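Undergrad: Chains as they are written, first to last, in this note's numbering: chain L, 2 to 162; chain A, 219 to 427.
Read the hints as simulated data drawn from the structure, not as lab findings.
Hints may contain errors.
Restraint ranges, calculated between C-beta atoms of paired labels, are given here [as the list claims (entries may be wrong)]:
1. Asn264(A) to Ile78(L): 35 to 45 Å
2. Asn264(A) to Arg153(L): 29 to 39 Å
3. Met86(L) to Asp329(A): 46 to 56 Å
4. Pro18(L) to Met253(A): 22 to 32 Å
5. Arg153(L) to Asp329(A): 44 to 54 Å
6. Glu399(A) to Arg153(L): 53 to 63 Å
7. Gly81(L) to Asp275(A): 30 to 40 Å
8. Ser256(A) to Ile162(L): 15 to 25 Å
9. Ile267(A) to Lys4(L): 53 to 63 Å
If you want the ones that stay clear, here's a sample from chain L, every Cβ over 10 Å from chain A, calculated [what the hints assert, rightly or not]:
10. Ile109
11. Glu119
12. Gly138
Which chain A residues stay away from chain L? Per the calculated CB distances, all over 10 Å, these [claimed, not checked]:
13. Leu227
14. Leu232
15. Met253
16. Ala367
This one's a predicted model, so the numbers in the text were calculated from it and none came from an experiment.
For every residue, glycine included, the Cβ atom is placed at its ideal position computed from N, Cα and C.
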Amino acid sequence: MSKIIQVGMADLKVAKPPDKLMTAGLGSCIGICLLDRTTRIGSLTHIMLPSSLNAKNKQNRAKFADTALQMVLEEMIKMGAKTNMLVAKIAGGAQMFKFSGESDIMKIGERNAIAVEENLRKYKIKLVSKDTGGSYGRTITFDPESGDLLIRTIGHGERII
Amino acid sequence: MLLDDFSRLSGLQLDALKEIGNIGSGNAATALAQMINSKIDMNVPNVKILPFTEVSDLIGGADIPVAGIYLNVSGTAPCSIMFILPVAQARMLINMLLGQPADVAPEEDFDDFRMSAMMELGNILAATYLNALSMFTQISFIPSVPALAIDMAGAILNAILSQFGEIADHVLVLETDFKKEGQDVMGYFFLLPEPGSLSTILNALGVNV
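Whenever a hint applies, use it, and build me the whole structure from the sequences.
TA: Structure, rendered in C-alpha cells:
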C-alpha cells in the first residue's frame, strides 16, 4: 500500500516509492522536492523563511531555506540516498496579499524563492523545474517513483512539473 | 523566547487575554450585525498557543478555500489581525452588505467592487475590535489598510505566520467564531500579538507578574 505522507509548515519528510509526499496550502512558503534518481529516495521540505542568519529562534532548522537543505540532506543520507546525483523541483513563493505600501513581509515569497535557488546551487543540486511566484496558493504532491510534482491551485489550474 | 513567555502564562493571564478578546470581538460582532442588519452570535474567545502548522486546523484544514482579510497593527504592542471566512460565507456576507438576496450565490468571481466591500468590512471589524482593546488597555493600536486574499487557508496563513517565524515556532491565537443566527460559522477572527507585545498588553491589564 502506498501512503501519502503529509508535510506540515516548517517541516520535512523523506520517502521511498510507492509512498508520496504532500504539503497543502503553500503560500509564501516553498516546497522543495529532492530526488536521488539512483535509489528513488525523495524528500519534501516546506520552508517558511529565506535565512536563519537574523533569526532569534533557530531551533527548527526545517523553517529556513539555508538550514533546511542541510538538514534534509542529512536525513536523505541516513535513508541511504546518494547526494551527488540529486535533482530538485520547487513550488510556492507566492505573494498572497496585494497590499498598497511596501512591506518586507509582503515580498517574503520572492525572497524565499531566491534563497532556495541560491542554496540549491551551493549544494550543487540541479534544479530541473520550478513553479514559483504568482499570487495564489499551491497544494503539491511529489511522487519519488516518477519524479512528478503535481501542483493544484484554486482557480489557476493543475499541472505537473 | 516566545515559547517561554507562553509556557509561563498563568491562568489569570489567560483569562485576562480571553476577556479582552471577548470585549473586542463583542464590539466587532455588533458592528457586523449593524452592517448586515441581522443578529450575530459569537462564542467566548479561545486563547490558544499553537504550533504554526496547527493554525489552519482551526478553520478546517490547509487547503479549504477561504477569504482572508489581514491587517498589520502597529504601535507599542504590534500585532496582526485576521478575519477568515469560508468562501461561501464570504459571498453571502457581501450579498447582505450590498443588499442583494442572500440565497442567490453569484457565479462570477469576486470582482473589484466586491473585494473592496470585503476589505471595508475587515476595516470596520478590526477598528471596532481595536477600539475596545485600546479603551481597556490604554494602548493605542494603529491598523494598516486591510489586505485581502481569496485562496487556500494554509497559503494565506503561512504568508502571515512567516513574519513570526524568525522568533518563534508557536503563535498565540485569540480566536472568535461569528455565527449568523441559526447558521453555520460565518467567520473566524484572530488576534496574533507579536512576541514582545504580549507582556506590554499584560502589563497594561495589570496581570504581568
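Undergrad: Now look at each hint and say whether the structure bears it out.
TA: The hints, checked one at a time:
1. Asn264(A) to Ile78(L): 35 to 45 Å: holds (42 Å)
2. Asn264(A) to Arg153(L): 29 to 39 Å: holds (30 Å)
3. Met86(L) to Asp329(A): 46 to 56 Å: Holds, at about 50 Å.
4. Pro18(L) to Met253(A): 22 to 32 Å: violated (54 Å)
5. Arg153(L) to Asp329(A): 44 to 54 Å: violated (24 Å)
6. Glu399(A) to Arg153(L): 53 to 63 Å: violated (36 Å)
7. Gly81(L) to Asp275(A): 30 to 40 Å: Distance hint for Gly81(L), Asp275(A) holds at roughly 34 Å.
8. Ser256(A) to Ile162(L): 15 to 25 Å: Hint violated: Cβ distance 46 Å, outside 15 to 25 Å.
9. Ile267(A) to Lys4(L): 53 to 63 Å: With a Cβ separation near 30 Å, Ile267(A) and Lys4(L) fall outside 53 to 63 Å, so the hint is violated.
10. Ile109: violated (5 Å)
11. Glu119: holds (18 Å)
12. Gly138: violated (2 Å)
13. Leu227: Nearest chain L Cβ is 18 Å from Leu227(A), so the label holds.
14. Leu232: holds (22 Å)
15. Met253: holds (23 Å)
16. Ala367: Non-interface label on Ala367(A) violated, nearest chain L Cβ at 5 Å vs cutoff 10 Å.
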